[in-house]
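Trainee: Residue numbers (numbering that gives the first Met the number 0): 0 to 166.
Heads up, some of the hints might be wrong.
[Claimed, not checked] Below, computed lysine-lysine pairings styled on BS3-like, alpha-carbon distance capped at 30 Å:
1) LYS99 x LYS138
2) LYS82 x LYS100
3) LYS138 x LYS100
4) LYS108 x LYS82
5) LYS160 x LYS82
[Claimed, not checked] The following label-pair restraints were derived from C-beta to C-beta distances:
6) GLU133 x VAL64: 16 to 26 Å
7) ASP38 x ASP62: 23 to 33 Å
8) GLU81 x SER116: 31 to 41 Å
9) TYR111 x VAL143: 33 to 43 Å
10) ILE161 x GLU102: 56 to 66 Å
11) GLU133 x VAL60: 20 to 30 Å
12) LEU25 x ALA89: 38 to 48 Å
13) ALA89 x ASN141: 43 to 53 Å
14) LEU35 x LYS82: 39 to 49 Å
15) GLN134 x ASP38: 43 to 53 Å
Read the hints as simulated data drawn from the structure, not as lab findings.
Built from N, CA and C at the ideal position, the CB exists for glycine as well.
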Amino acid sequence: MRIKDLIPWANHRDDENRPSRDVHPLASLQRDMNRLFDDFWGRFEPREAGGPATLGVELAVADVVETDESIEVTVELPGLDEKDLDVSIAADALTIRGEKKVERQEEKKGFYLSERSYGSVFRSVPLPAGVDIEQADAKFANGVLSVTLPKSQEAQASGRKIQIKTA
Numbered sequence: 000m001r002i003k004d005l006i007p008w009a010n011h012r013d014d015e016n017r018p019s020r021d022v023h024p025l026a027s028l029q030r031d032m033n034r035l036f037d038d039f040w041g042r043f044e045p046r047e048a049g050g051p052a053t054l055g056v057e058l059a060v061a062d063v064v065e066t067d068e069s070i071e072v073t074v075e076l077p078g079l080d081e082k083d084l085d086v087s088i089a090a091d092a093l094t095i096r097g098e099k100k101v102e103r104q105e106e107k108k109g110f111y112l113s114e115r116s117y118g119s120v121f122r123s124v125p126l127p128a129g130v131d132i133e134q135a136d137a138k139f140a141n142g143v144l145s146v147t148l149p150k151s152q153e154a155q156a157s158g159r160k161i162q163i164k165t166a
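Let the hints inform the model, and build the full structure from the sequences given.
Mentor: Listed below in structure tokens is the structure:
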């Protein structure tokens with residue numbers, strides 16, 4: 000038996016797992032839920048900006064907005080150029096792929112440096128029926144891709160108001 004085994008507070012050094020009397024029950028629930036998501040999705044630590052570690056396989060951040068006339072998809076693609084992107088559309092999905100390759104070689108007195116980085120982003124947005132894919136339009140500026148997908152005339156006219164009656 001070790002002396003450490005005789006000290007009750009020394010047996011459990013993991014403060015995250017030890018209940019605290021001054022923590023609100025909802026804070027404890029939030030901590031447990033955060034731990035659950037961290038274990039499932041992995042931790043999202045910030046990466047060093049501008050370094051080779053910023054290039055990796057990632058899911059592009061996208062906003063999708065539906066209006067009466069169109070569906071507008073905005074995707075953040077920092078560090079990519081227009082030539083690095085591939086935007087395609089099928090009857091049921093808009094697919095955006097980006098790929099960036101960086102290679103740097105430097106030779107100076109006393110050392111030789113060779114770095115290669117590769118990263119890709121991907122996003123597929125399911126589309127509802129009634130999108131006019133022939134009239135789709137895409138614009139790319141300052142690392143933001145905006146895709147406008149107009150709805151067909153039939154899709155715009157298909158909605159109707161439903162009257163609510165009192166029971």
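Trainee: Determine for every hint whether it applies to the structure shown.
Mentor: Do the hints match the structure? See the list:
1. Of the supplied pair hints, the one linking LYS99 and LYS138 holds, its CA atoms being roughly 19 Å apart against a limit of 30 Å.
2. Among the hinted pairs, LYS82 with LYS100 is consistent with the structure: their alpha-carbon atoms are about 12 Å apart, no more than 30 Å.
3. Our distance criterion of 30 Å between C-alpha atoms is met by LYS138 and LYS100, whose separation comes to about 22 Å.
4. Distance hint between LYS108 and LYS82 is unfulfilled; the C-alpha atoms sit about 35 Å from each other, more than 30 Å.
5. Under the criterion of a C-alpha separation no larger than 30 Å, the hint pairing LYS160 with LYS82 is inconsistent with the structure, at around 44 Å.
6. Against the hinted window of 16 to 26 Å, the Cβ-Cβ separation of GLU133 and VAL64 comes to about 21 Å, which satisfies the hint.
7. Between ASP38 and ASP62 the beta carbons are some 28 Å apart, a value that agrees with the proposed interval 23 to 33 Å.
8. Separated by about 20 Å at the C-beta atoms, GLU81 and SER116 break the suggested range of 31 to 41 Å.
9. Checked against the hint of 33 to 43 Å, the pair TYR111 and VAL143 passes, with Cβ atoms roughly 38 Å apart.
10. For the hinted restraint 56 to 66 Å between ILE161 and GLU102, the CB-CB distance of approximately 59 Å keeps it satisfied.
11. Under the hint 20 to 30 Å, the C-beta atoms of GLU133 and VAL60, about 28 Å apart, fit the expected range.
12. The hinted range of 38 to 48 Å is satisfied by LEU25 and ALA89, whose Cβ atoms lie roughly 45 Å apart.
13. A hinted range of 43 to 53 Å for the beta carbons of ALA89 and ASN141 is inconsistent with their spacing of about 28 Å.
14. Taking the beta carbon of each, LEU35 and LYS82 are about 41 Å apart, inside 39 to 49 Å as hinted.
15. Under the hint 43 to 53 Å, the C-beta atoms of GLN134 and ASP38, about 45 Å apart, fit the expected range.
Hint compliance for this structure: hints 4, 5, 8 and 13 are broken, all remaining hints hold.
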